[in-house]
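Based on the provided sequences and hints, a complete structural model is requested.
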Amino acid sequence: MHYSIILPLLIQELGQIEGRKKFQKIVHILQCAGAPFDERFEFAQFGPFSSTLKAEIDCLGAFGILEEESKGNTFVFSKGERFSDVESAGLWNGSPNWSGFAQALNGKSARELEALSTTLYLLDRGYNGEALETKFGELKAHLIEFFVRVKMQAEAICAKRGDWQSLQSSV
Amino acid sequence: MSETPKRGIVFRDPVHNLIHLDDDDGFLMGLIDTKPMQRLRRIRQLGVSWLTYHGAEHSRFSHSMGVLHVAGKILSTLIKRYRENDDVSSLLRENRRTVLSAALLHDIGHAPFSHAMERLFPANADHEKRTIRLLKNAELGIPGLLEKAGVNVDEVASVLEKLHARRFLCDIVSSQLDADRMDYLLRDSLFTGVEYGQYDLDWVAAHLCLGREPLSKDDGDADQQVLRLCLDEKRGLYAAEQLIIARFHMTMQVYFHKTTRMWEALLLCLLRKAAAVASEADELLSDRLPGTPPVLMEFLRNSGNVSDGDFLRLDDATLTTAMEGWRASGDQFIAELSGAFLDRRKKLPNGERIFECFDLSEMNPVSSGKLIGSLEASPEKYPVWAWELDDIKKCGSYKDFFHTLRKTKGKENAEITTSIMLSDGNLDSIAEPVEFRSFLFKSMADNGVDVVRLYAHRSVATEINSLVQKFNLT
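First to last, the sequence lines map onto chains A and B. Reminder that position 130 of the first sequence reads as 130 in this note's numbering, one-by-one numbering, no gaps. Plus 171 on top of the position in the second sequence (first one is 1) and you've got this note's numbering.
It should be emphasised that the hints constitute simulated quantities derived from the structure, not laboratory data. Glycine is no exception: its CB is placed at the ideal position from the N, C-alpha and C atoms. Treat each hint with caution, since some may be false.
Cβ-Cβ distance ranges computed for the label pairs, FRET-style [what the hints assert, rightly or not]:
| hint | chain 1 | residue 1 | chain 2 | residue 2 | range |
| --- | --- | --- | --- | --- | --- |
| 1 | B | Met423 | A | Gly72 | 22 to 30 Å |
| 2 | B | Asn473 | A | Gly126 | 16 to 24 Å |
| 3 | B | Ala447 | A | Gly72 | 51 to 59 Å |
Dumping the calculated BS3-like pairs for lysine-lysine here, alpha-carbon to alpha-carbon at most 30 Å [to be verified]:
| hint | chain 1 | residue 1 | chain 2 | residue 2 |
| --- | --- | --- | --- | --- |
| 4 | A | Lys151 | B | Lys244 |
| 5 | B | Lys518 | B | Lys429 |
| 6 | B | Lys333 | B | Lys251 |
| 7 | B | Lys613 | A | Lys79 |
| 8 | B | Lys429 | A | Lys79 |
| 9 | B | Lys319 | B | Lys300 |
| 10 | B | Lys251 | A | Lys151 |
| 11 | B | Lys251 | B | Lys319 |
| 12 | B | Lys333 | A | Lys160 |
| 13 | B | Lys405 | B | Lys517 |
| 14 | B | Lys565 | A | Lys71 |
| 15 | B | Lys251 | B | Lys206 |
| 16 | B | Lys300 | B | Lys244 |
| 17 | B | Lys565 | A | Lys160 |
| 18 | B | Lys300 | B | Lys251 |
| 19 | B | Lys613 | A | Lys71 |
| 20 | B | Lys518 | B | Lys552 |
| 21 | A | Lys108 | A | Lys160 |
| 22 | A | Lys108 | B | Lys565 |
| 23 | A | Lys108 | B | Lys517 |
| 24 | A | Lys160 | B | Lys307 |
| 25 | B | Lys244 | B | Lys333 |
| 26 | B | Lys333 | B | Lys641 |
| 27 | B | Lys405 | B | Lys333 |
| 28 | B | Lys429 | B | Lys641 |
| 29 | A | Lys79 | B | Lys307 |
| 30 | A | Lys151 | B | Lys518 |
| 31 | A | Lys160 | B | Lys300 |
| 32 | B | Lys517 | B | Lys429 |
Beyond 12 Å from chain A on every Cβ pair, some chain B residues (computed) [to be verified]:
| hint | residue |
| --- | --- |
| 33 | Tyr253 |
| 34 | Asp297 |
| 35 | Leu513 |
| 36 | Asn535 |
| 37 | Gly540 |
| 38 | Lys613 |
| 39 | Glu634 |
Spelled out as structure tokens, the structure:
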């Protein structure tokens, strides 16, 4: 789905997203769970990061569709002054089936999402069992407290991809 | 397999003049001689750019050799600079072979026509995943050769996937200052004849250093501070500017050349139609896809999901050979596009253009979303093989400069995840994104360039033109 449709739809469903990191991780996790985001992610300092997603958000910001506001140490994303252009365009048919799952993710901290997103990335790269835990510890020692929980969540996301009702309860 | 050389080996290279492999690096000859590496001789570095720049016939193999050479230069600079720091210098020496192996092998997973094919099937969207598969496939011999040289194949993989705990080792192979970019800019510039891609490689490579990742200071955990590959802040600024300008010009003049991208769109449309036909009944195939090599038929039928063995049998020649047969296809679309590609024919004999290009760069993204949504909603009217959206934002594979330089409104708002870093070389110093120091970069960031084009086959071009006009006005 074209980014100018799906990214505003995400904001429509979530109201706002606090932090660039959180925005990146929510989209990555939704993509892993089967939502139609097609950005490519690479591993960066805070885990999976998509420069394409960054450019798309900037583009929507430049046209006033999204608002990126500095708040303390973070940036808050919400509807921009021209968001109504998207609403009136009739590009959406109600809430998407991944809405509840996205809201559940938005309720989590950026650190936990970073841990979950990283684990999903490692699973996708073939890390399993002990190798997964070792690599997670190497890369994200400061997030190790989340590992047991996010590993279960990540495995559930991989197993229940697209089953949005089950996915919502798994996180 | 090649024997370990006794006095080193020297290769002639059109960009770097001579590429030396020392006696200690003899194991690299074994890697060079593997099937995945030799196949890269048959894949052009710049996809279909040779249809625009006739000199752009250089291969992924020659580029890979260049990346190996530049990675060696970077390692030498760092080893020399940190020779009195036991921790860093031993880390560099211990991982030297790992980094060189990663540099040499980083592109073995490329499909025919390089990045162009990444947009054909989701299975091929990420060539790095196939690279890792080939790297770890024992039957192809690379793990055994690495093990014999004392190199752990998983470590090489983690450098390529940017998952190595020592981030600066990954940076040498893949980052804003990587050996990959440093080679391809010069090589692509030389072979296309576009001289704007030149920059001072020797100066850049000689003034690399390490510094602490700037994002780590906000992470609340000192253990997470990691070292990144940086340019020396006193000597590197102008070199960084030159490198970025070279990338900007190469991106606009070569990688996103309007005509080159049209040939890429034509190729993708042709292969999408061929894939749709390949899934039809066998008895039709000899008429619709005559002369298709069996391995390509498998590739098309399985949406790019083929074994490593079959993948290695696919190269640029496999596709062009198939197109020669497809000229006689009973499917008019396949015949027309095959002939157009092979003969570099943009128009029919009656003067009608085979593909039209619509520039959507200035279009409001909501309008372009509506336009693309309309096309996707009517696949019978606008089949997926009749049009191609080409958006520079989606093409991180070309490693353009845009992602680094967008919207740098002030220090606090810079996108530093993907920036070139400056440092004084002190391992305790926090590195700083080059945008903070460069007036030139700030200006470029505030005036970002977007490139969005829609290519449409003549069968749908008139209708799409009407849609473009309609949505441009709303």
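For this session: Below or equal to 30 Å on CA atoms is what counts here, so check lysine 333(B) against lysine 160(A).
Result: Given that 30 Å is the threshold and the Cα spacing comes to 28 Å, the pair holds.
For this session: For the pair we were handed, lysine 300(B) and lysine 244(B), check the Cα-Cα distance against 30 Å.
Result: holds (27 Å)
For this session: Starting from lysine 429(B), check that the Cα of lysine 641(B) is at most 30 Å away, please.
Result: holds (23 Å)
Problem set entry | Agreement of lysine 300(B) and lysine 251(B) with the hint, judged by alpha carbon distance not exceeding 30 Å | Given that 30 Å is the threshold and the Cα spacing comes to 34 Å, the pair is violated.
Exercise. Is the nearest CB of chain A more than 12 Å from the CB of glycine 540(B)?
Worked result: violated (3 Å)
Exercise. Taking 30 Å as the top limit, are the C-alpha atoms of lysine 151(A) and lysine 518(B) close enough?
Worked result: violated (56 Å)
Problem set entry | Satisfaction of hint between lysine 429(B) and lysine 517(B), Cα-Cα up to 30 Å | Within the cut-off at roughly 13 Å; holds.
Exercise. Quick one, are lysine 151(A) and lysine 244(B) close enough, alpha carbons at most 30 Å?
Worked result: Not satisfied, since the Cα-Cα distance of roughly 40 Å exceeds 30 Å.
Exercise. Does lysine 206(B) lie within 30 Å of lysine 251(B) when you go C-alpha to C-alpha?
Worked result: violated (35 Å)
Exercise. Taking only the CA atoms, is the gap from lysine 79(A) to lysine 307(B) under or equal to 30 Å?
Worked result: violated (46 Å)
Problem set entry | Hint consistency between lysine 518(B) and lysine 429(B) [alpha-carbon to alpha-carbon, up to 30 Å] | holds (16 Å)
Problem set entry | Exclusion check [tyrosine 253(B) not at the chain A interface, CB over 12 Å] | holds (22 Å)
Against the hints set out earlier in the document, violations occur for numbers 1, 4, 8, 10, 13, 15, 18, 23, 26, 29, 30, 34, 36, 37.
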